Amino acid sequence: MALDIKKFISRFIEEARDHLGRLTQGLADLEQGIDTEQINSLFRSAHTLKGSSRMLKLEPITLVAHSLEDLLSALRDKRLGSSAGVSALLYQAVDTLTDQVEALEAKGEVAELNATQLEFCKKLSALAENPDLLNTPVTPATTASPTVVSEAKAEQDKPALKSTDTVRIKLSKLEELIKLMGELVSNHAGMRELATSARQLEKTAESKPNSHLEMQQFSRNIRETVLAQEDLMQELHDKALQMRMLPLGIVLDSASRLVRDMARSLDKQVECRIQGSEIELDRQMIDQLADPMIHLLRNALDHGIEPPAERQKKGKPARGLIKITARQDAGWVVLDISDDGAGLSLEAIRDKALKKGLVTEADLAEMSDQEVTDLIFLPGFSTSALITEVSGRGVGMDVVKRSIVDELQGVISVRTQLGKGACFTLRLPLSLAKMRVLTISAAGHELGFTAQYIAELLSVPEASLIKVADRNAVIIRNEFVPVVKLADLIGLPVKAKQASKPIAANKKALLLLVIRVHTEKLALIIDKLLDERDLVIKQLPEHLHSNTLISGMVTTGQNKLVSLLHVPYLLAKARKVRGTAKNETPTLGKEQRKRILVVDDSLNTREIERDVLEAWGYQVTLAEHGQDGLDKARAEVFDAVLTDVEMPIMDGFTLTARLREEENYRDKPIIIITSRAKESDRRRGIEVGADAYIVKGSFDQNSLVDTLKILLD
Amino acid sequence: MQILVVDDDPLAGEMIAAVLEDQGHQVFQAENAVVALELLNAQPGVELVVSDMNMPLVSGVELYRELQTQGRKLPFILLTGDDPEAARAQEPAIDACLMKDFSMEETLPAAIAKVMAASS
Numbered sequence: 001m002a003l004d005i006k007k008f009i010s011r012f013i014e015e016a017r018d019h020l021g022r023l024t025q026g027l028a029d030l031e032q033g034i035d036t037e038q039i040n041s042l043f044r045s046a047h048t049l050k051g052s053s054r055m056l057k058l059e060p061i062t063l064v065a066h067s068l069e070d071l072l073s074a075l076r077d078k079r080l081g082s083s084a085g086v087s088a089l090l091y092q093a094v095d096t097l098t099d100q101v102e103a104l105e106a107k108g109e110v111a112e113l114n115a116t117q118l119e120f121c122k123k124l125s126a127l128a129e130n131p132d133l134l135n136t137p138v139t140p141a142t143t144a145s146p147t148v149v150s151e152a153k154a155e156q157d158k159p160a161l162k163s164t165d166t167v168r169i170k171l172s173k174l175e176e177l178i179k180l181m182g183e184l185v186s187n188h189a190g191m192r193e194l195a196t197s198a199r200q201l202e203k204t205a206e207s208k209p210n211s212h213l214e215m216q217q218f219s220r221n222i223r224e225t226v227l228a229q230e231d232l233m234q235e236l237h238d239k240a241l242q243m244r245m246l247p248l249g250i251v252l253d254s255a256s257r258l259v260r261d262m263a264r265s266l267d268k269q270v271e272c273r274i275q276g277s278e279i280e281l282d283r284q285m286i287d288q289l290a291d292p293m294i295h296l297l298r299n300a301l302d303h304g305i306e307p308p309a310e311r312q313k314k315g316k317p318a319r320g321l322i323k324i325t326a327r328q329d330a331g332w333v334v335l336d337i338s339d340d341g342a343g344l345s346l347e348a349i350r351d352k353a354l355k356k357g358l359v360t361e362a363d364l365a366e367m368s369d370q371e372v373t374d375l376i377f378l379p380g381f382s383t384s385a386l387i388t389e390v391s392g393r394g395v396g397m398d399v400v401k402r403s404i405v406d407e408l409q410g411v412i413s414v415r416t417q418l419g420k421g422a423c424f425t426l427r428l429p430l431s432l433a434k435m436r437v438l439t440i441s442a443a444g445h446e447l448g449f450t451a452q453y454i455a456e457l458l459s460v461p462e463a464s465l466i467k468v469a470d471r472n473a474v475i476i477r478n479e480f481v482p483v484v485k486l487a488d489l490i491g492l493p494v495k496a497k498q499a500s501k502p503i504a505a506n507k508k509a510l511l512l513l514v515i516r517v518h519t520e521k522l523a524l525i526i527d528k529l530l531d532e533r534d535l536v537i538k539q540l541p542e543h544l545h546s547n548t549l550i551s552g553m554v555t556t557g558q559n560k561l562v563s564l565l566h567v568p569y570l571l572a573k574a575r576k577v578r579g580t581a582k583n584e585t586p587t588l589g590k591e592q593r594k595r596i597l598v599v600d601d602s603l604n605t606r607e608i609e610r611d612v613l614e615a616w617g618y619q620v621t622l623a624e625h626g627q628d629g630l631d632k633a634r635a636e637v638f639d640a641v642l643t644d645v646e647m648p649i650m651d652g653f654t655l656t657a658r659l660r661e662e663e664n665y666r667d668k669p670i671i672i673i674t675s676r677a678k679e680s681d682r683r684r685g686i687e688v689g690a691d692a693y694i695v696k697g698s699f700d701q702n703s704l705v706d707t708l709k710i711l712l713d
Numbered sequence: 001m002q003i004l005v006v007d008d009d010p011l012a013g014e015m016i017a018a019v020l021e022d023q024g025h026q027v028f029q030a031e032n033a034v035v036a037l038e039l040l041n042a043q044p045g046v047e048l049v050v051s052d053m054n055m056p057l058v059s060g061v062e063l064y065r066e067l068q069t070q071g072r073k074l075p076f077i078l079l080t081g082d083d084p085e086a087a088r089a090q091e092p093a094i095d096a097c098l099m100k101d102f103s104m105e106e107t108l109p110a111a112i113a114k115v116m117a118a119s120s
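First to last, the sequence lines map onto chains A and B.
First residue of the first sequence? That's 1 in the working numbering, and the numbers climb one at a time after it.
First residue of the second sequence? That's 1 in the working numbering, and the numbers climb one at a time after it.
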């Protein structure tokens, strides 16, 4: 017979994957409570798998699906109640099926069930018949699972999250695309007509006296056609990009599987709850997301979730919880990966960072808890004291951060509470392919910035720049932001034509492009804003991959290529320039140097004030709000305190008043630096006991240093 | 011959259709009993129904009974992923009950031949 039913195998694999995804999701929901309709649909998936695998003579799959169906039907008919033990068995069956389908895809066949797997299937069916078996001393989950897993996994050297290399697209989406193409073709026909009439116009132009009227009509036609084409192109582009969007479920669904496998090998009990897997992301990003996700999940399991006994001792449920939630937030997709484990120990992080020489004691003293936590992202840092098999060695969070920030243009942050758990948050742009881009010119060069890094664009009079510690800064709403010339920062050669012009033109006003990563800001002096629009970002060619300054290219009108600058790199570079300047500060003996406490909630302001003061030989400690300042002031004695007014938790007025109640600070100079210029505020500052009140708008480093000098001597 | 195949699993439905088309039949497919009834109305030339047993809402046996009450006495072959005897026990009047499996390539045409011979 000519018919080869085996040709349906690839269809089966695809369909099986859908069903397995549904089963995995369904089992996770089941743990939240039994819903008959839900079990029905799970049962149906198992039943369908059984049926179609049997028609394709994939007996091993049929057997496992059959046992799974048996167990589900026992649940459906309430012959069996749901419990952690039953869940584990159901998951194990789904995992076995997943392995089989994967093997089928890779090798085109499914291996016969081995003895343990057969045993497992029998156990499921037997349990469905006789629910009491669950309570027999030999619990099925622990006896069967390690062997099955290790055998099935033997060929896989490392855990991986799956993503497919084919995309399934809704027919309707494809049809829309084809319809658009049709419109584009008819638009093109219009263009051809215009080309013909252009030739005609050319011919008759000289002979006809009133040809300019025809010309006018012609140019109107051309404008309309081009505008219509622009709309079509835009729509076509959007639709095409949408087709490349894939649901996050592609990565996330296999994540819960990965968590279960790793949990088994670590002898931990973990439930993995996933939310938002229907949210779509560009497939390019989905592919790149897999590695960092694996890493974060491994860390959560290995270092986060404690062994069951330890959890119970702490009064937590024996089974840990890892939650992956995805949500859309404007042009971003936000992924939270949280666990209810031990959390990150700040103490351990401090110790480790010190031991590795990543920071000094003095650095640590100034760091807020969040800043300490963020140390885990530094290269060469890894919190695990023990090197375990799962987390491996060598790579750490810095790699995760790099791939999120550099490759995915995203942002990663972490929050943690000791004993309660940790939560990593990834913010990812919806699509890498198209982003809002600002093109600007500096020293005659055209350059691009992706909008997510731009805080604002403003024009300030040159005179409003203030000089602090030999660098320029500007005050933007109560915050000092360092100012550098973009051309100087990246060493752009000045184009001859432009050389003299900008200086003359910019005499009065400077155009500042304020860039931001997290809380760190930097103002770049640029010549001109050229354009702002959504552009397709092109990947860098191979030979430019090592260039950390450029993150991609865009094509603007007239087919010109413009480089996109990589903002995190610019900030790092600006910091480096600052760092070298700092080293030149006069080195007085430590004991002679006066100690100053600087309290301000803006990171930029704190750092600039520190730079100024250090340049003048003071020893500076930073605090990020009033309470932090008060704690630090109590812990050691400072010679003077500089504080901002508006801060979270405790403001500067309160801090001043509280310090005055302290024995050590009754007579120490306290200077308030603020953007509040109102007389009433100034009076209040003096009332609460400040010695000086400096308004940031009129900030001049000499006045600060002079004031300090007078007060300290 | 025109045959109606009813199966909620599109893959299974297509495989059954492939077997039948290979035999030179013309196949209509329906993914549930409601679509099946509509199709039968639209296609009076259909001479045989091949239906899956386990389907959401209306099962294969229920579809058979519905056809009987409507007076459409078409030959009916029931396919099932489970034990065919159990299905037959539910509705002994059904012309044939077959296990959906790899041997369907032979069993299904054989069953059709038998059922059609009996009904003519």
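Because the hints were derived from the structure by calculation, they are not lab data.
Predicted, not measured: the structure shown is a model, and the values here were computed from it.
Glycine included, every Cβ here is placed at the ideal spot set by N, Cα and C.
Certain hints may be false.
Said to hold, decoys possible - Here are the simulated distance ranges between beta carbons:
id	chain 1	residue 1	chain 2	residue 2	range
1	B	N41	A	T196	28 to 36 Å
2	B	Q90	A	L118	49 to 57 Å
3	B	V34	A	A126	49 to 57 Å
4	B	S103	A	L184	26 to 34 Å
5	A	L118	B	E47	54 to 62 Å
6	A	M233	B	S103	38 to 46 Å
7	A	D336	B	L74	37 to 45 Å
8	B	V34	A	D35	23 to 31 Å
9	B	L74	A	D29	23 to 31 Å
10	B	L74	A	E112	39 to 47 Å
11	A	E112	B	S119	38 to 46 Å
12	A	K122	B	S103	56 to 64 Å
Stated by the list, open to error - Derived, one-sided and incomplete: chain A residues facing chain B with beta-carbon distance under 10 Å:
id	residue
13	G51
14	E69
15	L465
16	K467
17	R471
18	E614
19	R634
Claimed, not checked - Mimicking DSS-like on lysine-lysine, the simulated pairs with C-alpha atoms at most 30 Å apart in a straight line are:
id	chain 1	residue 1	chain 2	residue 2
20	A	K7	B	K73
21	A	K6	B	K73
22	A	K122	A	K78
23	A	K78	A	K170
24	A	K594	A	K485
25	B	K73	A	K57
26	A	K355	A	K179
27	A	K420	A	K485
28	A	K57	A	K122
Structure-based check of each hint:
A beta carbon spacing of about 55 Å between N41/B and T196/A contradicts the range 28 to 36 Å that was offered as a hint. Between Q90/B and L118/A the Cβ separation comes to about 31 Å, which falls outside the hinted range of 49 to 57 Å. Look at V34/B against A126/A: about 38 Å separates their beta carbons, and that is not inside 49 to 57 Å. Take S103/B and L184/A: their Cβ atoms lie about 52 Å apart, and the range 26 to 34 Å is violated.
Checked against the given bound of 54 to 62 Å, the beta carbons of L118/A and E47/B, roughly 44 Å apart, lie outside it. Here the CB-CB span from M233/A to S103/B is close to 55 Å, at odds with the stated 38 to 46 Å. About 57 Å separates the C-beta atoms of D336/A and L74/B, a value inconsistent with the hinted range of 37 to 45 Å. Checked against the hint of 23 to 31 Å, the C-beta distance between V34/B and D35/A comes to roughly 25 Å, which is consistent with it.
Taking 23 to 31 Å as the suggested C-beta distance range, the pair L74/B and D29/A does not conform, at roughly 41 Å. Taking the beta carbon of each, L74/B and E112/A are about 41 Å apart, inside 39 to 47 Å as hinted. At about 42 Å, the CB distance of E112/A to S119/B agrees with the hint of 38 to 46 Å. For the pair K122/A and S103/B, the beta carbons lie near 25 Å from each other, so the given range of 56 to 64 Å is not met.
At its closest, the beta carbon of G51/A sits 4 Å from a beta carbon of chain B; the interface hint therefore holds under the 10 Å criterion. Hint on E69/A holds. Least Cβ distance to chain B is approximately 9 Å, under the 10 Å limit. Because the closest C-beta pair between L465/A and chain B is about 69 Å apart, greater than 10 Å, the hint is violated. At its closest, the beta carbon of K467/A sits 73 Å from a beta carbon of chain B; the interface hint therefore is violated under the 10 Å criterion.
Hint status for R471/A: violated, given a least beta-carbon distance of 68 Å to chain B, over 10 Å. Nearest Cβ of chain B to the Cβ of E614/A: about 71 Å, over the 10 Å cut. The hint is violated. This hint is violated: R634/A has a C-beta 69 Å from the nearest C-beta of chain B, more than the 10 Å allowed. A hinted pair counts as satisfied when its Cα atoms are at most 30 Å apart, and K7/A with K73/B does not qualify at roughly 35 Å.
For a cut-off of 30 Å, the pair hint linking K6/A to K73/B is broken: about 35 Å separates their Cα positions. The straight-line distance between the Cα atoms of K122/A and K78/A is roughly 20 Å, inside the 30 Å bound, and the hint therefore holds. Note on K78/A and K170/A: the hinted pairing is violated, with a Cα-Cα distance of about 38 Å set against a maximum of 30 Å. Simply put, K594/A and K485/A have alpha-carbon atoms about 33 Å apart, too far for the 30 Å limit, and the pair is violated.
Proposed proximity of K73/B and K57/A is contradicted: the alpha carbons are some 33 Å apart, above 30 Å. As the CA atoms of K355/A and K179/A are separated by approximately 64 Å, the hinted pair breaks the 30 Å bound. Only pairs whose Cα atoms come within 30 Å are accepted, and K420/A paired with K485/A is rejected, the gap being roughly 45 Å. At most 30 Å may separate the alpha-carbon atoms for a hinted pair to count; K57/A and K122/A meet this at roughly 20 Å.
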